[in-house]
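**Q** Spelled out from the first residue to the last, the chains are:
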Amino acid sequence: MSVINSTVELRAKAQQKALDLRVSHAKQGLVWALGSGITWGMNGIILGIALAMAPFVGVVSLYAAPLVGATLNEGGGSLLLFFYNLFSGKFLEYGRTLRTKPGMLVCLGALCAGPIAMSGYLVGINMAGPMYTLAITTAFPAVGAIFAAIFLKEKIMSRVWFGIILTVVGAIVVGYAPPTGNFPHFYLGLIFATLATFGWAAEGVIATYGMDMVDPEVSSGIREATSFVVYLVAIIPLFGALSLFGRVFVHASLWWLLLAGVISGMSYLCYYKGLNMTGAARTTGLNITYALWGVFFGWLIMHSPMTPTLIAGSVIITLGAVLIVANPKELINIREV
Amino acid sequence: MKDMKLPMRFRVLTLMDEHEALSDQEVFDILKKEYGNEGQYRMSTIKLHLHSMQASGLLCASDMTLDEQGELIETFKITDFGRSRLSLLPKNWDPKIIG
Chain A
316 MSVINSTVEL RAKAQQKALD LRVSHAKQGL VWALGSGITW GMNGIILGIA
366 LAMAPFVGVV SLYAAPLVGA TLNEGGGSLL LFFYNLFSGK FLEYGRTLRT
416 KPGMLVCLGA LCAGPIAMSG YLVGINMAGP MYTLAITTAF PAVGAIFAAI
466 FLKEKIMSRV WFGIILTVVG AIVVGYAPPT GNFPHFYLGL IFATLATFGW
516 AAEGVIATYG MDMVDPEVSS GIREATSFVV YLVAIIPLFG ALSLFGRVFV
566 HASLWWLLLA GVISGMSYLC YYKGLNMTGA ARTTGLNITY ALWGVFFGWL
616 IMHSPMTPTL IAGSVIITLG AVLIVANPKE LINIREV
Chain B
344 MKDMKLPMRF RVLTLMDEHE ALSDQEVFDI LKKEYGNEGQ YRMSTIKLHL
394 HSMQASGLLC ASDMTLDEQG ELIETFKITD FGRSRLSLLP KNWDPKIIG
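Going down the list, the sequences are from chains A and B. Using the numbering used here, the letters of the first sequence map in sequence onto residues 316 to 652. Using the numbering used here, the letters of the second sequence map in sequence onto residues 344 to 442.
Take the hints with a grain of salt, since some may be wrong.
[Said to hold, decoys possible] Heads up, simulated BS3-like pairs for lysine-lysine below, C-alpha to C-alpha not over 25 Å straight-line:
| hint | chain 1 | residue 1 | chain 2 | residue 2 |
| --- | --- | --- | --- | --- |
| 1 | A | 470 | B | 390 |
| 2 | A | 470 | B | 348 |
| 3 | B | 434 | B | 348 |
| 4 | B | 348 | A | 416 |
| 5 | A | 416 | B | 420 |
| 6 | A | 332 | B | 390 |
| 7 | A | 644 | B | 376 |
| 8 | A | 342 | A | 332 |
| 9 | A | 644 | B | 434 |
| 10 | B | 420 | B | 390 |
| 11 | B | 420 | B | 375 |
| 12 | B | 390 | A | 342 |
| 13 | B | 376 | B | 390 |
| 14 | B | 390 | A | 416 |
| 15 | A | 328 | A | 468 |
| 16 | A | 468 | B | 375 |
| 17 | A | 332 | B | 420 |
| 18 | B | 348 | B | 375 |
| 19 | A | 342 | B | 420 |
| 20 | B | 376 | B | 434 |
| 21 | A | 468 | A | 416 |
| 22 | B | 376 | A | 468 |
| 23 | A | 328 | B | 420 |
| 24 | A | 328 | B | 390 |
Since the hints were made in silico from the structure, they are not lab data. If you're wondering where the values come from, they're calculated on a predicted model, not measured in any experiment.
All chains should be built: construct the whole structure from the sequences, respecting the hints.
**A** As structure tokens, then:
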């Protein structure tokens with residue numbers, strides 16, 4: 316009898332240990348997802364410093380400066396992740412991953428988010444103004460959660476839905492600027508902003524699907540490299556930004572852009588690990604806390620003033636994030652499969 | 344010579360399809376021949392792949408027990424959902440070429 320009891324006891328202990336391990340895995344995923352928001356907030360501040368320096372000051376084109384910034388941002392990120400994967404013994408995984416369909420999906424996700432969504436965002440700002448474009452594009456975690464529920468069958472509780480919506484509302488409040496100017500192509504601008512929203516939301520879902528079978532660290536490296544190459548050979552020439560791109564290399568802003576790129580690489584590493592470990596819906600919801608971290612780092616580094624709007628938006632984002640991460644035990648099985 | 348190996352995580356999934364159930368240690372031992380000379384060949388990496396695929400529903404726990412030191416020994420098996428993802432394997436991939 317005592318042998319049976321000890322066997323049952325041993326089994327119960329093993330089951331508890333396995334459960335603890337799975338909860339710990341889910342919690343780690345949430346930490347990575349939050350890390351992606353913190354580093355992205357920091358990235359925005361560094362990028363802002365770089366774009367306020369020569370040769371960007373006084374550039375007439377609305378697109379050239381942010382696109383050149385984005386290109387070098389992706390370039391710095393892909394370099395960091397290449398060396399990260401090289402030193403963690405995953406260099407050969409690049410080629411292997413690119414020869415598989417999941418690897419191609421990671422590249423497709425990169426195209427959706429990098430060149431397509433970013434270009435849509437900038438054209439949207441030009442045609443419809445920043446306020447409406449920001450409001451539409453900030454909704455990408457909510458659209459991503461809908462995609463994740465449909466295509467990945469992710470389990471999303473009503474509390475988490477509410478948390479995602481709160482983070483979106485908070486990010487809009489933080490970025491609010493009263494509408495100004497005359498926009499003759501206003502509705503076309505809204506379409507481009509919507510394209511950006513769908514692009515960023517699609518990346519999360521497509522990459523998560525691919526990373527079921529390939530390493531997230533290698534995937535984030537491929538994502539950054541793909542985006543960098545497409546920016547360099549297609550987007551920069553298309554928007555007439557080649558001359559500005561060349562001029563950056565003789566200015567100190569290059570170093571700031573590369574620093575921003577390194578932080579962007581860290582952010583994508585966190586984002587892809589979060590997507591893989593905790594799902595697309597929660598990760599995109601926690602990623603958008605970058606608006607909150609941007610306020611914090613802006614205050615810390617740039618001594619930017621804390622307005623009541625910024626504080627209100629930050630509080631709303633924090634509440635949303637708390638609702639998203641409230642119960643990691645729900646994440647033991649991410650999907651209803 | 345062209346590297347015909349799969350990404351290691353994808354290879355773990357195919358291994359689970361080839362066997363009824365495997366523990367993390369068994370997966371580690373089987374993969375030694377293919378990935379043993381690479382820096383990524385670590386027990387921590389294998390465990391992370393297994394737990395990520397378990398959380399995503401591609402694998403499920405088959406059995407679990409504790410060894411003499413109280414360390415958890417988990418056995419995993421592939422789910423129907425995980426098996427459906429094998430349709431994404433490269434058409435020319437053949438485990439016999441590697442093995």
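**Q** Now, for every hint given, state plainly whether the structure supports it.
**A** These are the hints, each one checked on the structure:
no.	hint	verdict
1	470(A) x 390(B)	holds, 24 Å
2	470(A) x 348(B)	violated, 34 Å
3	434(B) x 348(B)	holds, 13 Å
4	348(B) x 416(A)	holds, 14 Å
5	416(A) x 420(B)	holds, 23 Å
6	332(A) x 390(B)	holds, 14 Å
7	644(A) x 376(B)	violated, 37 Å
8	342(A) x 332(A)	holds, 15 Å
9	644(A) x 434(B)	violated, 38 Å
10	420(B) x 390(B)	holds, 14 Å
11	420(B) x 375(B)	holds, 20 Å
12	390(B) x 342(A)	holds, 16 Å
13	376(B) x 390(B)	holds, 18 Å
14	390(B) x 416(A)	holds, 24 Å
15	328(A) x 468(A)	violated, 31 Å
16	468(A) x 375(B)	violated, 34 Å
17	332(A) x 420(B)	holds, 19 Å
18	348(B) x 375(B)	holds, 13 Å
19	342(A) x 420(B)	holds, 24 Å
20	376(B) x 434(B)	holds, 23 Å
21	468(A) x 416(A)	holds, 20 Å
22	376(B) x 468(A)	violated, 36 Å
23	328(A) x 420(B)	holds, 21 Å
24	328(A) x 390(B)	holds, 20 Å
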